[in-house]
Amino acid sequence: MKVLIAAVIASEHISGVSRHAVNMVRCQLTRSEISEIHLVVGSWQYDAFRAMLPLADGRLKIHQVEVRRKAFNLNRWYYNELPGLANQFAVDIVHLSCPMVLKRSAFRCKVAVTLHDLYPYDFPDNFGFLKMMFNRILLKQCLHAVDAVACVSESTLRRLDMHMPDVARLKAATIYNCVDPGPAMASQSPIPGWKDEPFFLCVAQHRRSKNIVLGMQVFQQLLQHGDIKPNTLLVIIGIEGPETAFIRRFIHDNDLGRHVVLLHGIEDAEMEWCYAHCELLLALSSIEGFGLPVIEAMLHHCRVVCSDIPAFREVGGAYCHYASLQPYPEAAFIAAVRNALKDVKFRVGSAERFSSSRIVEAYLQLYTHLLHGTSVVENRNHLVPSLERGRL
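For the sequence shown, the tail end lands on 392 under full-length UniProt numbering, and the numbers increase by one without skipping.
Take the hints with a grain of salt, since some may be wrong.
[Claimed, not checked] Lysine to any residue pairs mimicking SDA-like chemistry, simulated, CA-CA at most 20 Å apart:
#1 Lys70 to His206
#2 Lys61 to Gly84
#3 Lys70 to Ser43
[Claimed, not checked] Ranges between beta-carbon positions, derived for each pair:
#4 Asn254 to Gln188: 43 to 51 Å
#5 Leu55 to Asn254: 41 to 49 Å
#6 Phe346 to Lys131: 36 to 44 Å
#7 Ala245 to Glu197: 22 to 30 Å
#8 Tyr322 to Met133: 27 to 35 Å
#9 Pro230 to Asn73: 28 to 36 Å
#10 Arg158 to Gly84: 49 to 57 Å
#11 Pro54 to Asp253: 23 to 31 Å
#12 Tyr46 to Gln188: 21 to 29 Å
For the record, the hints were derived by calculation from the structure and aren't laboratory data.
We put the CB at the ideal spot given by N, CA and C, even for glycine.
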């Protein structure tokens, strides 16, 4: 089976979408049924992807393309150029790592897409009106064009069923992101000037839906009330975005410059270091498709305090401490952090249901159904790795 994974997105840093593409490649290369994987990325992404992939495997071919890193140009490339690459490589399956505009009739193979979330519908404030409308049109066009939609969680599938019930009913199934232990931990801290201070960790892009400012408000209250040591840090790791200026202004106005550290673009080994050394992970999103940092923290047996939303409940189960975002989110998170800090620092938990050995089976079944012309939906239960909530 020959697969093309398209992962051309604007960010040069490893984001959730690009990490998903990397994990798809890694897990699919563990199976002999996969004879070739063609990974297509932007030239600005090439080095980052090469650093994270098993280049010694001759079945993997990484192709870099030149295109302007604007939404219009990227979508035009997917519409006009991707079909030609798929046909040139004579692949059996094209799998988009996120929704993009497609000319389905130009492909001579089956096409699938991973759906991470429905932010244009569920959190339009992330975009502004014009971008929100553009992204809704893009999302609808892509999801109606493809042959199968792989939702990263049951909560994402439920949101899809609310907004596009025909797509959910006819061509969607749940396949979790695969999450395996990362590389060996870095020997040095990525936190500039770190001197053994305790720190909270928050892994989130600078978007309104991530509620980073709420996290800083909670952290500030914990400092002021003496719940945490006065030298404790809040380390926020994530790509800058629409909320960056607001975040920096809050840090300045509240004199938190000595306590809040903003990082982005760090190596995987450095990320491992952060999970291994943090006091707890704060995940404050209003809505999520999956919740990768929560699972990565569970792999490291960290304490986790997160917002009480369906995606986090689905992946975190009984492991996490939850805080309601209504009616008083700051008070709820403060109480949840206080409870979490009473736990042992390293907790027993399991994220085995997200392992590559489990997830690759679902990918292979999905691709097989597509190639044989059988219904993805009729076989949906076989594609969803069992939750096994009691094993947390």
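So, going through the hints one by one against the coordinates:
no.	hint	result
1	Lys70 to His206	holds (19 Å)
2	Lys61 to Gly84	holds (16 Å)
3	Lys70 to Ser43	holds (14 Å)
4	Asn254 to Gln188: 43 to 51 Å	violated (29 Å)
5	Leu55 to Asn254: 41 to 49 Å	holds (46 Å)
6	Phe346 to Lys131: 36 to 44 Å	holds (42 Å)
7	Ala245 to Glu197: 22 to 30 Å	holds (26 Å)
8	Tyr322 to Met133: 27 to 35 Å	holds (34 Å)
9	Pro230 to Asn73: 28 to 36 Å	violated (49 Å)
10	Arg158 to Gly84: 49 to 57 Å	violated (36 Å)
11	Pro54 to Asp253: 23 to 31 Å	violated (47 Å)
12	Tyr46 to Gln188: 21 to 29 Å	holds (26 Å)
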